[in-house]
Amino acid sequence: MSPLTVLITALSSLGSNKLRTGLALLGIVIGVAAVISTMAIGRGAQEVITSRIQSLGTNLLFVRPESTGQNTPSTLTLEDASALLDPVFSPSVAAVAPELSTFVRLVAGRENTFSQVVGVTPEYQFVRDYPVSSGQFISAVHVQNVSEVAVLGSQIAETLFGFRNPVGQNFRVNGRQFIVIGVLESKGGTSLGNLDNQVLVPITTVYYRLDSERMSTGDVTVQTINAQIRSLDEMDSSIQEIATVLRLRHRLSGDDDFTITSQQETIETLEETTQTFVIFLAAIAGISLLVGGIGIMNIMMVSVTERTREIGVRKAMGAKHRDILYQFVSEATLLSLGGGIVGAVLGVAVAMALDGRSLGGQTFQTGVSGDITLLAVTVAAVIGLFFGIYPAARAAALHPIDALRYE
Amino acid sequence: MAELQRARMLIDLQNVTKVYSMGEVDVAALNGVNLSIRDGELISIMGPSGSGKSTLMNVIGCLDVPTSGRYVLEEQEVGSLRDNRLAEIRNRKIGFVFQTYNLLPRLTALANVQLPMLYGNGNNAKERALDALDRVGLADRASHRPAELSGGQQQRVGIARALAKQPSLLLADEPTGNLDSGSSEEILTILKGLNRDEGITVIIVTHEADIASQTHRIISMRDGVVVNDKNVVADQGGSE
Numbered sequence: 001m002s003p004l005t006v007l008i009t010a011l012s013s014l015g016s017n018k019l020r021t022g023l024a025l026l027g028i029v030i031g032v033a034a035v036i037s038t039m040a041i042g043r044g045a046q047e048v049i050t051s052r053i054q055s056l057g058t059n060l061l062f063v064r065p066e067s068t069g070q071n072t073p074s075t076l077t078l079e080d081a082s083a084l085l086d087p088v089f090s091p092s093v094a095a096v097a098p099e100l101s102t103f104v105r106l107v108a109g110r111e112n113t114f115s116q117v118v119g120v121t122p123e124y125q126f127v128r129d130y131p132v133s134s135g136q137f138i139s140a141v142h143v144q145n146v147s148e149v150a151v152l153g154s155q156i157a158e159t160l161f162g163f164r165n166p167v168g169q170n171f172r173v174n175g176r177q178f179i180v181i182g183v184l185e186s187k188g189g190t191s192l193g194n195l196d197n198q199v200l201v202p203i204t205t206v207y208y209r210l211d212s213e214r215m216s217t218g219d220v221t222v223q224t225i226n227a228q229i230r231s232l233d234e235m236d237s238s239i240q241e242i243a244t245v246l247r248l249r250h251r252l253s254g255d256d257d258f259t260i261t262s263q264q265e266t267i268e269t270l271e272e273t274t275q276t277f278v279i280f281l282a283a284i285a286g287i288s289l290l291v292g293g294i295g296i297m298n299i300m301m302v303s304v305t306e307r308t309r310e311i312g313v314r315k316a317m318g319a320k321h322r323d324i325l326y327q328f329v330s331e332a333t334l335l336s337l338g339g340g341i342v343g344a345v346l347g348v349a350v351a352m353a354l355d356g357r358s359l360g361g362q363t364f365q366t367g368v369s370g371d372i373t374l375l376a377v378t379v380a381a382v383i384g385l386f387f388g389i390y391p392a393a394r395a396a397a398l399h400p401i402d403a404l405r406y407e
Numbered sequence: 408m409a410e411l412q413r414a415r416m417l418i419d420l421q422n423v424t425k426v427y428s429m430g431e432v433d434v435a436a437l438n439g440v441n442l443s444i445r446d447g448e449l450i451s452i453m454g455p456s457g458s459g460k461s462t463l464m465n466v467i468g469c470l471d472v473p474t475s476g477r478y479v480l481e482e483q484e485v486g487s488l489r490d491n492r493l494a495e496i497r498n499r500k501i502g503f504v505f506q507t508y509n510l511l512p513r514l515t516a517l518a519n520v521q522l523p524m525l526y527g528n529g530n531n532a533k534e535r536a537l538d539a540l541d542r543v544g545l546a547d548r549a550s551h552r553p554a555e556l557s558g559g560q561q562q563r564v565g566i567a568r569a570l571a572k573q574p575s576l577l578l579a580d581e582p583t584g585n586l587d588s589g590s591s592e593e594i595l596t597i598l599k600g601l602n603r604d605e606g607i608t609v610i611i612v613t614h615e616a617d618i619a620s621q622t623h624r625i626i627s628m629r630d631g632v633v634v635n636d637k638n639v640v641a642d643q644g645g646s647e
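Chains as they are written, first to last, in the numbering used here: chain A, 1 to 407; chain B, 408 to 647.
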């Protein structure tokens, strides 16, 4: 029996019972569509996370104090930050931007809100890529003079001042009068918090005016030093350089009192988390694919029983064991392949329909992947093949006389 | 008949037995059958139910193998062949006509006739199938499905299907069992015609004496053995 004949025979037999064929397809259709749309949502979420973290700036290393206890002051200072710019000991560091943040109460006219203020230096603007949309950024003079000036995130600016131009306006931070000198361009939210809700002030102002914790040495402490390195390829040596400088400065011989993480690591950690979640969802979708396969097996068993006489006639006409086997296996495979293709179309359609829609405050971004789609369809076909073999083998093993006598 | 005596041996059964085991008990359906059939004969096998005539038919048709004894079909020992070789022999040498026609309901008459050609030489399948339908007078019904045909017409499609591969042997198991007398006569005429005009060996299993009497040789079975094997003077147009 030629492959083409096998195919035509299988198609004509599937076509002769359309309702049953449709129902058998359904399981696989749903399974494949679920796998594809789940993976698309997962991939979309990953892309969002990666792009948001990359929007923090590029080639970043984050130096943070190793927390030794709940209320111990930070071990990193403003001096540490400027020391990292040393061209001899740490040549790979391009720029540093220390930051120190705290939560404060903001009052502007009748508006009253809590927000995070981040104490920064002028370099912050470039290292973290925060262009101002109007006004100016915090200058070195502001830092030196402990000025009570602020640059607002676009959203907090709107919250405090509505449609008025915030630049030049006064507002109160923990009771102290601050003047708005600039507004940042919108960046959108991240899983790490909404960047448009930040208030940036000079780092010295946070330390001396807003924060209660002070170090006995009088040095300005910082929570994070954002270090921008010249190239991602030098990341490992950059980490070594920074660590060496800080160890020397802190006169450490044992454990470090700081940690250095890279932006890349942060992305990878978050991506791993998302990945685990997506795999979990896809596994559930995969189970529905398996259930679809069992559905096909069920239908094929019924079909074999129902067509026992047909099998007998075919055998009497000279059909060999493998002719009958191929006939039923190809029916099962066609069934699942067809279901897989319909499911793929449906899954891609669902993913595209969800793209950009928001559900429960979360905006979906979906990324349909050709590999996953192809894989899901192939797996569906293989499942059909696998679950079709047993019923087909039963059909092929029927004795022609018994099959012909079957009522 | 002298001509037939000289014709080559088509089927030779020697002491053939067939034992079915029904759980604990063994039932002998064939109990030592000796039978020779020459090319071109028109034979009927008669006997009450349980006489072993269906089993004999299955063995001759290579649907089943004997438990013991020798079965030679066209100089080939087939008693001990494997299933797939038997399938090939059925495909090439034997045409079956069933009491219940056994046409596939979703296929057209033409596709039904083409069925045996799926499993063997499929060259010019359509032409050969159309030719076979023409020989049973149903060329104009080629595209009809079995449900759209009368019983007699369905059986003629069945005969066309058996004929399409030019078999050496046509086995008809109660071919008129489900038909009225008019259609029965029609079917019988076709089978006789195929034997007379094309020299095809035809074996008809029947329990109706008037059908048997139209064949040239009647083999009677009882309890798994041949109890009577006689030549009949038939209406051979005076050739006897």
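A few of these clues could be false.
Said to hold, decoys possible - Taking beta-carbon pairs under 7 Å as the criterion, some of the chain B residues facing chain A (in silico):
id: 1; residue: Asp471
id: 2; residue: Ser475
id: 3; residue: Phe503
id: 4; residue: Gly527
Hints were generated in silico from the structure; no laboratory data involved.
Just so you know, even glycine gets a beta-carbon here, dropped at the ideal spot from N, CA and C.
Structure-based check of all given hints:
1. Asp471: This interface hint holds because 6 Å falls under the 7 Å limit.
2. Ser475: At about 18 Å, which exceeds the 7 Å cut-off, the nearest Cβ of chain A leaves the hint on Ser475/B violated.
3. Phe503: holds (5 Å)
4. Gly527: For Gly527/B, the interface hint holds, since the closest Cβ of chain A sits about 6 Å away, which is under 7 Å.
Going through the hint list in order, the structure does not satisfy hint 2, though it satisfies all others.
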